[in-house]
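2 protein chains.
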Amino acid sequence: MNFIPVNEPLLNGNEKKYLNECIDSGWISSDGHFVKKFEKDFSAHCGQKYGIAVANGSVAIDVAVRALKEKYNWHDDDEVIAPTFTIISSVQSIIYNRLKPVFIECDPITWNIDTSKIESFITPKTRAIMVVHIYGLPTDMQPVFDLAKKYDLKIIEDAAQAHGQTYRDMKCGAMGCVSTFSFYANKHVTTGEGGMILTSDEEIFEKCNYLKNLCFLPDNRFVHNDLGWNFRMSNIQAAVGVAQLERFGEFIKIKKRMGKKYQELLSDIPARLPAAKTDYAENHYWVFGIVLNDDVKFNAKTAMKKLFEKGVGTRPFFYPMHRQPIFEKMNLSDNVSRPVSERLYERGFYLPSGLALTDDQIEIVSKTVREIF
Amino acid sequence: MNFIPVNEPLLNGNEKKYLNECIDSGWISSDGHFVKKFEKDFSAHCGQKYGIAVANGSVAIDVAVRALKEKYNWHDDDEVIAPTFTIISSVQSIIYNRLKPVFIECDPITWNIDTSKIESFITPKTRAIMVVHIYGLPTDMQPVFDLAKKYDLKIIEDAAQAHGQTYRDMKCGAMGCVSTFSFYANKHVTTGEGGMILTSDEEIFEKCNYLKNLCFLPDNRFVHNDLGWNFRMSNIQAAVGVAQLERFGEFIKIKKRMGKKYQELLSDIPARLPAAKTDYAENHYWVFGIVLNDDVKFNAKTAMKKLFEKGVGTRPFFYPMHRQPIFEKMNLSDNVSRPVSERLYERGFYLPSGLALTDDQIEIVSKTVREIF
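Chains as they are written, first to last, in my numbering: chain A, 1 to 373; chain B, 1 to 373.
A few of these clues could be false.
Given that identical chains are not distinguished, each listed pair holds provided it fits within a single copy or across any two copies.
Once the Cα atoms are required to be at most 25 Å apart in a straight line, the calculated PhoX-like pairs of lysine-lysine come out as [stated by the list, open to error]:
| hint | residue 1 | residue 2 |
| --- | --- | --- |
| 1 | Lys305 | Lys277 |
| 2 | Lys150 | Lys40 |
| 3 | Lys36 | Lys16 |
| 4 | Lys71 | Lys329 |
Think of the hints as simulated: they come from the structure by calculation, not from any bench.
None of the values given here were measured: they were computed from a predicted structure.
Using the sequences and the hints given, assemble the complete structure.
Structure below.
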């Protein structure tokens with residue numbers, strides 16, 4: 001049995017060539033020219049002025065939130081609105097910056113933050129709305145723009161799962177005061193581990209560069225006026241990113257074709273498939289998630305186990321933030337149910353979705369999925 | 001004029017081959033087999049049971065200190081003894097873990113922590129002594145072992161600058177309850193950016209692996225009982241490390257030969273050179289530092305400027321921790337002078353010391369250094 005992994009990247013462009021250039025030139029640290037090129041090219045693709053490459057997508061958010069907090073003089077315990085259905089990285093950056101996350105239910109169709117539920121959670125202490133585009137379909141941004149304007153809030157955009165995606169005619173990654181990306185191996189554009197912060201605000205750009213490099217001073221390296229982190233991306237990571245970015249358009253097309261094929265092959269299974277489109281975007285299918293119908297007698301965990309035994313890798317959906325044991329311990333949980341996201345966790349998981357997935361493999365996966373029902 | 005940079009690594013072994021293997025196999029994230037191999041081989045070289053590869057040397061200390069604090073139930077504001085003459089990374093890990101650093105003067109000959117000055121700073125709240133082997137010469141560990149035993153303190157060993165070094169018959173990196181390394185491009189063994197935690201304590205090993213991977217649970221990935229970080233090392237970083245490690249012995253020999261050559265060529269300049277050896281170790285010359293004599297009319301900053309203008313790259317010595325503006329702001333500074341380390345900063349800097357430095361370049365550098373006096 002050939003196991004089909006949940007993700008395999010496509011690395012058959014200039015990745016080797018550029019890596020070899022790093023080795024030949026001796027530039028492997030964060031000072032190399034691929035880092036600058038990757039920052040420039042990726043930010044240009046996304047329509048923001050500045051890019052700050054970092055070690056991964058999780059630390060990208062840590063730096064982004066801190067830069068915002070400092071620029072706008074937010075106080076400790078000020079509040080940031082965030083979706084409950086997301087990865088912990090989005091939310092822990094709020095907490096690590098001594099701000100308070102406020103968890104919002106998600107939409108049952110798009111799985112993104114339910115924008116109709118945001119306003120009632122806004123208080124005088126709210127400073128920002130963090131949106132996280134989920135699994136390849138953007139958040140409905142217009143209501144977010146409207147609320148941000150009405151209440152003078154900043155937008156933090158976690159676009160890790162929405163490379164190259166657009167909301168109407170706006171690019172994902174260009175809609176936040178700061179926007180962040182991950183280039184983990186399962187992302188459209190990968191550097192193995194890697195991340196980037198985008199902004200068009202020069203002050204935030206400079207602050208992020210300062211914070212990610214241990215707050216070294218250019219003219220007096222080891223004297224510190226602040227504490228930062230070493231969150232630098234290396235030139236070898238960026239070399240892979242530059243090669244990947246050359247094929248950005250092609251990769252998006254591949255993902256969309258895969259998603260379409262899964263949609264066709266799985267149209268009649270007793271599960272909800274991703275929304276193929278909304279009135280503001282077509283799905284890019286970063287991953288192809290399915291959510292078991294109520295009449296299916298087993299839950300996602302069992303389904304994933306069955307599929308694993310039949311040679312198909314899967315990954316569970318996010319566990320909602322308002323239910324995390326760590327947040328209960330930290331008194332960050334309000335004990336109010338958010339049933340849509342709770343059900344998504346119980347009933348949802350995603351199928352092999354990597355760029356190296358072949359049509360034959362999609363057919364095998366789909367056939368296997370049908371068999372478990 | 002050909003500028004001689006302060007560091008250029010040597011990457012002419014199997015680096016390309018292993019990087020190409022990563023690309024061919026598709027394993028570029030932290031899950032790849034080079035990560036496991038690098039952890040196994042490097043920890044074996046250093047004589048500790050377990051290695052935990054991370055994104056860089058700074059975050060290695062963050063994870064190491066947290067693992068110790070949690071295992072031994074240290075309280076917030078408990079104290080950790082640390083050298084004042086070190087990089088900020090060592091000390092900020094103490095602060096980020098809500099512990100209090102206590103800064104100790106350094107020795108004028110070895111530039112390491114002055115072990116005779118530690119005991120008077122030990123209080124009932126002291127929990128650990130952090131040693132940082134400076135510039136390739138180990139700390140005098142016996143007094144540290146004695147104090148650790150007498151007061152029941154843990155030893156945290158920052159061995160970033162002492163790859164392959166020994167203290168008497170003990171390996172650097174094997175003397176701490178936790179020991180940490182950096183594989184930045186200027187280190188003996190480099191991965192561009194990279195780091196590792198070593199320990200022989202299984203509980204700490206498991207805790208570090210858990211903390212560095214966002215506290216994901218193996219059987220329930222997205223449910224979190226704790227908050228961690230994404231501090232993972234990628235397979236492409238580790239691939240470079242594995243290739244480097246194959247030449248570990250050779251690299252140490254090169255560095256020692258370079259140091260010896262500098263010692264010969266600079267023996268009569270009006271500056272203190274590194275101690276070639278002590279009664280417990282021979283210098284490995286991670287970098288070749290010099291400290292201007294008092295009768296030299298200019299300070300390190302001016303000397304570095306003169307050398308830069310003549311085509312020689314240098315880097316300043318560390319600015320002592322007890323004088324950092326950020327620690328004064330945070331009330332972590334006691335306003336007591338530590339004149340040895342203060343003088344080292346004013347008068348010290350280091351010369352080009354990378355593994356790719358040729359004998360001819362060492363001669364040019366030495367000639368240029370002699371010219372500035």
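How the hints compare with the structure:
no.	hint	verdict
1	Lys305 / Lys277	neither (30 Å within a copy, 60 Å between copies)
2	Lys150 / Lys40	neither (33 Å within a copy, 56 Å between copies)
3	Lys36 / Lys16	both (19 Å within a copy, 22 Å between copies)
4	Lys71 / Lys329	between (31 Å within a copy, 19 Å between copies)
In summary, the structure is inconsistent with hints 1, 2 from the numbered list given earlier, while agreeing with the others.
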